[in-house]
Amino acid sequence: MKAAITGTGMSDIGRNTGRPAILHLADAADRALARAGLTLADIDGICTYPGKADNSPGMSPLGTGEVRNALGLQTRWHAAVPDGPAQMAPIMAAAMAVMTGQARHVLCFRALTESSSQSAGRRASIPGAGRAEIGGWLSWLVPVGAMSASNWAGWMATRYFHEFGMTREHLGLVALAERQFAQMNPAAVMQKPLTMDDYLAARMISTPLGLFDCDIPIDGAAVVIVSAGDAAKDCRLPPLRIEALGSALRSQETWDQRADLTTMGAHDAAADLWARTAFKPADVDVLGLYDGFSIFVPLWLEALGFCGHGEAKDFIAEGNIAHGGRFPVNTGGGQMSGGRLHGFGLLHETCLQLWGHAGARQVADAKTALCAMGGGFIAGAMLINRD
Amino acid sequence: MRPLPELTAENTAFWTGGARGQLMIAFCDHCQNAIHPPQVICPACQSRHVGPRAVEGSGTIYTYTVNHQPWMPGMVVPFAIAVVDVDGARGVRVTAPVTGCEADAVKIGQRVRIAFEPSGEVWLPLWMPLERTAA
Chain A
1 MKAAITGTGM
11 SDIGRNTGRP
21 AILHLADAAD
31 RALARAGLTL
41 ADIDGICTYP
51 GKADNSPGMS
61 PLGTGEVRNA
71 LGLQTRWHAA
81 VPDGPAQMAP
91 IMAAAMAVMT
101 GQARHVLCFR
111 ALTESSSQSA
121 GRRASIPGAG
131 RAEIGGWLSW
141 LVPVGAMSAS
151 NWAGWMATRY
161 FHEFGMTREH
171 LGLVALAERQ
181 FAQMNPAAVM
191 QKPLTMDDYL
201 AARMISTPLG
211 LFDCDIPIDG
221 AAVVIVSAGD
231 AAKDCRLPPL
241 RIEALGSALR
251 SQETWDQRAD
261 LTTMGAHDAA
271 ADLWARTAFK
281 PADVDVLGLY
291 DGFSIFVPLW
301 LEALGFCGHG
311 EAKDFIAEGN
321 IAHGGRFPVN
331 TGGGQMSGGR
341 LHGFGLLHET
351 CLQLWGHAGA
361 RQVADAKTAL
371 CAMGGGFIAG
381 AMLINRD
Chain B
1 MRPLPELTAE
11 NTAFWTGGAR
21 GQLMIAFCDH
31 CQNAIHPPQV
41 ICPACQSRHV
51 GPRAVEGSGT
61 IYTYTVNHQP
71 WMPGMVVPFA
81 IAVVDVDGAR
91 GVRVTAPVTG
101 CEADAVKIGQ
111 RVRIAFEPSG
121 EVWLPLWMPL
131 ERTAA
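Going line by line, the protein sequences match chains A and B.
Sequential numbering from 1 applies to the first sequence in the numbering used here.
Sequential numbering from 1 applies to the second sequence in the numbering used here.
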């Protein structure tokens, strides 16, 4: 075994908690270490996405430095990966670090305090807000009024609807499925029932995406411990073997130039993942698919080959991704009902499923999980498996 | 006030062409490849002989969204943002707000023409519907 996930933990997720990010992080680390049967003294590596970033309030309040300092870590390897295969980047980098002997147990983390930051009147989800000038790929979006990722995802959804006859009701089924799972997960922030009428009546954000097509800013943190294969055998739980990673990207770093905007970077990364393993989609028991916006879920399903191009609306309508379905997706409630931990929450949940720790929403005898993060040109996917 | 683009050697022609009413797209002088966002190297042939050329300024809406959320104080909503396949620059799309029609009248396949509005040192593009609509 080359690299494995040996522990994950999530802090209590809340809205407008007012708590310092480092306390959320420390709670998540305690829980991940307890699950793994490790102590802080065992941690010799640390990695995060994207690193401390103050350009968008609450989006990334902690870098590796703050966490090393607070937890008193002495590390042999540390890195932040802002420019990689989405929020999966630190997990991938950590896997490579343990495989090359740089570290034995790497603490990967993601912490956000977007809810408190927005409540303090500093809207977090607008990149570059408050700045006079903006550079890089954002400079082709924000200055022309496409300030929010909901706009970018919105125009992808418009094109997809146009080509394949998807409707708002299909995306509503994704939101409803996640809410149903959230009601089985005490840790999820949204616990009230959600009906299709509620979904359709909610205010529009950026057509065709409404309020319930968007994930929810929260305060919280998640930790994922990636261990070397030999070290993983000493941990408390069955190691979750990292079977394959996919991070290919064949188009430009833009949200509007990809030739076919009914596909995204996900399609490149997913193809690469399957090229690296003998596993097939039919072997997968449970999925965590990036759902910053509902439209990303059908696009990831198609990218990963769970259905053909243009077929996701029927695949979803047949109940495949919901509770009791053949390929349950985002069983913790996802980001749209569980809260936006930028993919780390989705990975935490798929790991809980493989360890049999998913409570009322447990998928029977789940052994193999697929977790995929990112939207637009940003994408990273991982297949994990236990014996 | 939303942020404006940082002007660079690569993008200045695009963001200032509006002063002359021109949509400026980077082309490779060697292989004639259209390059957007603009670069000083052609990604197709690696030529360094790349420069801006004025294109017709028309195009066809590939996709769009209507933004309803006021992301900043004073933002007037709703408004449509269109992703437009630009005539005469194969593979290039220019994304900009749509002006001159109701936001909910915007359609895929609609023919549009470029316009500009000045803001600071730059000229921001806008798309205006033309009468004729592609199939």
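Where hints are given, some of them may not hold.
[What the hints assert, rightly or not] In the SDA-like style, the derived pairs of lysine to any residue whose C-alpha atoms are separated by at most 25 Å in a straight line are:
(1) A:313 <-> A:204
(2) B:107 <-> A:263
(3) B:107 <-> A:201
Hints listed in this document are in silico derivations from the structure and should not be mistaken for laboratory results.
Check: Looking back at the numbered hints, which does the structure fail to meet, lowest number first?
Finding: none
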